[in-house]
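So the chains spell out like this:
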Amino acid sequence: MQRTILVLLALLATTTAQAFSLNLDKLTNIIGKTQDLKGVDAQGEVEIGKGVAANLLGAAPLMQDDNLQAYVNRVGWWLVRHTERNDLDWRFGVLDTDSLNAFAAPGGYIFITRGLLMNLRNESELAGVLAHEIAHVLRRHHLAAIQKNAQTGIIADLASMAVESSQYGSLAEKAIATSTELYARGLDKSDEYEADRMGVVIAARAGYDPYGLPSVLHTLDGMNSQDAGLSLMFKTHPTPQSRLQLLDAAMSGKLDQLNQHNQVTDRFSGFVGGSARP
Amino acid sequence: MIEITSLRKWAVLLMLSALPNLLQAAEAGRVLVTSDLKEQPYLDAKTIANLPVGTFLEVLQRQGGWMRVKSATDEGWLKMTAIKLGAVDTSVAKTGDNLSTLVNLATTGRSGSSGVTVTTGVRGLGQEELRDAEPDPEAVKHLDRFTSAKSEAAAFAAKANLQSRTLDYLDATSSSASNNGLFKRN
Chain E
1 MQRTILVLLA
11 LLATTTAQAF
21 SLNLDKLTNI
31 IGKTQDLKGV
41 DAQGEVEIGK
51 GVAANLLGAA
61 PLMQDDNLQA
71 YVNRVGWWLV
81 RHTERNDLDW
91 RFGVLDTDSL
101 NAFAAPGGYI
111 FITRGLLMNL
121 RNESELAGVL
131 AHEIAHVLRR
141 HHLAAIQKNA
151 QTGIIADLAS
161 MAVESSQYGS
171 LAEKAIATST
181 ELYARGLDKS
191 DEYEADRMGV
201 VIAARAGYDP
211 YGLPSVLHTL
221 DGMNSQDAGL
231 SLMFKTHPTP
241 QSRLQLLDAA
251 MSGKLDQLNQ
261 HNQVTDRFSG
271 FVGGSARP
Chain W
1 MIEITSLRKW
11 AVLLMLSALP
21 NLLQAAEAGR
31 VLVTSDLKEQ
41 PYLDAKTIAN
51 LPVGTFLEVL
61 QRQGGWMRVK
71 SATDEGWLKM
81 TAIKLGAVDT
91 SVAKTGDNLS
101 TLVNLATTGR
111 SGSSGVTVTT
121 GVRGLGQEEL
131 RDAEPDPEAV
141 KHLDRFTSAK
151 SEAAAFAAKA
161 NLQSRTLDYL
171 DATSSSASNN
181 GLFKRN
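Residue numbers (my numbering), protein chains in the order written: chain E, 1 to 278; chain W, 1 to 186.
Simulated from the structure, these hints should not be mistaken for lab results. All values derive from a computational prediction rather than experimental measurement. Mixed in with the good hints there might be a few duds.
Claimed, not checked - Result set (BS3-like, lysine-lysine): computed pairs, CA atoms no more than 25 Å apart in a straight line:
no., chain 1, residue 1, chain 2, residue 2
1, E, Lys254, W, Lys141
2, E, Lys254, W, Lys79
3, W, Lys46, E, Lys254
4, E, Lys174, W, Lys141
5, W, Lys84, E, Lys254
6, W, Lys70, W, Lys46
7, W, Lys70, E, Lys235
8, W, Lys84, E, Lys189
Said to hold, decoys possible - Just some of the chain E residues that point at chain W, by a computed CB distance under 10 Å:
no., residue
9, Ala42
10, Gln43
11, Phe92
As the list claims (entries may be wrong) - Computed far set for chain E versus chain W, every beta-carbon distance over 12 Å:
no., residue
12, Asp41
13, Gly44
14, Val72
15, Arg91
16, Ala144
17, Gln151
18, Lys254
We put the beta carbon where it would ideally sit given N, CA and C, even for glycine.
So here's chain E without its partners, still in its complex pose:
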């Protein structure tokens, strides 16, 4: 930060008097915004999330199936009611790609791919996947990582932004742009394990068999890890085997005692089975 300020001062010193006052305003504003980004408020989180969601939807479009989208949104909203952030405007979407994956973006954007959805057996498995992603938003995992990544880049760009009016005010954009790399690389393992532990509890609170998520991990573990459809998920997450083992240990003596086995298979098959496309 100190170095940046020096660069900025040097930049200011070389400008004319007229430009000086102009740039000073911009700089004050930009520095203010950088600090805002450190402690992003709920609205800022939604703005960043919207941009990240636009990136994800640019990489894979939404499935053109309103019934299915509405179904996933209802499951999602039912889960969200059992969390501490049910005030967010949550949005759920099914991405039209064969790859198996699910994503969360800050502010409450949750996506599951068609490839993963078609490989699930029942609604409790879907609930487990969505609840894992919901947990990332609850704990602001992506937001924290995006802020961390963006700060480096933003600070480096501050000087040029001060003179380049076209880039003025695009700090959120900068943050969003760097998010693509985060989704390609993945979160810290500890974030994933935490989202697993929270996800099974959220699903159980909503009345589902809490073993939906472990069951999905078990399925993934049995699949061929060389499969192209799994490559991104396997690159960006700890192995399903290690996730399953840690989750099973954490659930043991607690969630396995609930005797709660509502998997909601028929409704799931009705919505998802009919949407599988040749």
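Based on the hints, put chain W in the right spot on chain E.
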């Protein structure tokens, strides 16, 4: 002649309608760690047999963290974590996406109720696609079409007899956590 044709039709129809069930029944696995096969899905239930590593299994049912399975000689319950799904050696199925999908489909029956998973014409979503993506803010707006789900959620849950309950989040109780505990005591 007509009769034969219609018979054939019936045979094809029967085969097609039975296909998802056959695939579902064919979900297979192997014993991952030597385990006691239980009569009921509980750790203290009666042990039916001890299954060595590699024993081939057919998965019949899932309940919580347990699976009802059938070996060549016995039928009972095993913990999910004691089973590796997929009967085919995965190193064999290294070729194209579609082939391995077919192998997975054939060996595990993960197919949804329609029995269809193989799709074509839509690209995958990998690191390259993410990095090369052009943002699509219009698509984000499309998500607003489903906001009524918020008010529909309770009735939707009731239809499936989903009942809310109060539960605390779980602590990490991994082996690494217990190791940390040991270190602290030392």
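Here's how the hints hold up against the structure:
{"no.": "1", "hint": "E:Lys254 - W:Lys141", "in the structure": "violated (40 Å)"}
{"no.": "2", "hint": "E:Lys254 - W:Lys79", "in the structure": "holds (16 Å)"}
{"no.": "3", "hint": "W:Lys46 - E:Lys254", "in the structure": "holds (22 Å)"}
{"no.": "4", "hint": "E:Lys174 - W:Lys141", "in the structure": "holds (21 Å)"}
{"no.": "5", "hint": "W:Lys84 - E:Lys254", "in the structure": "holds (24 Å)"}
{"no.": "6", "hint": "W:Lys70 - W:Lys46", "in the structure": "holds (16 Å)"}
{"no.": "7", "hint": "W:Lys70 - E:Lys235", "in the structure": "violated (34 Å)"}
{"no.": "8", "hint": "W:Lys84 - E:Lys189", "in the structure": "holds (23 Å)"}
{"no.": "9", "hint": "Ala42", "in the structure": "violated (17 Å)"}
{"no.": "10", "hint": "Gln43", "in the structure": "violated (16 Å)"}
{"no.": "11", "hint": "Phe92", "in the structure": "holds (7 Å)"}
{"no.": "12", "hint": "Asp41", "in the structure": "holds (20 Å)"}
{"no.": "13", "hint": "Gly44", "in the structure": "holds (16 Å)"}
{"no.": "14", "hint": "Val72", "in the structure": "violated (8 Å)"}
{"no.": "15", "hint": "Arg91", "in the structure": "violated (4 Å)"}
{"no.": "16", "hint": "Ala144", "in the structure": "holds (18 Å)"}
{"no.": "17", "hint": "Gln151", "in the structure": "holds (21 Å)"}
{"no.": "18", "hint": "Lys254", "in the structure": "violated (6 Å)"}
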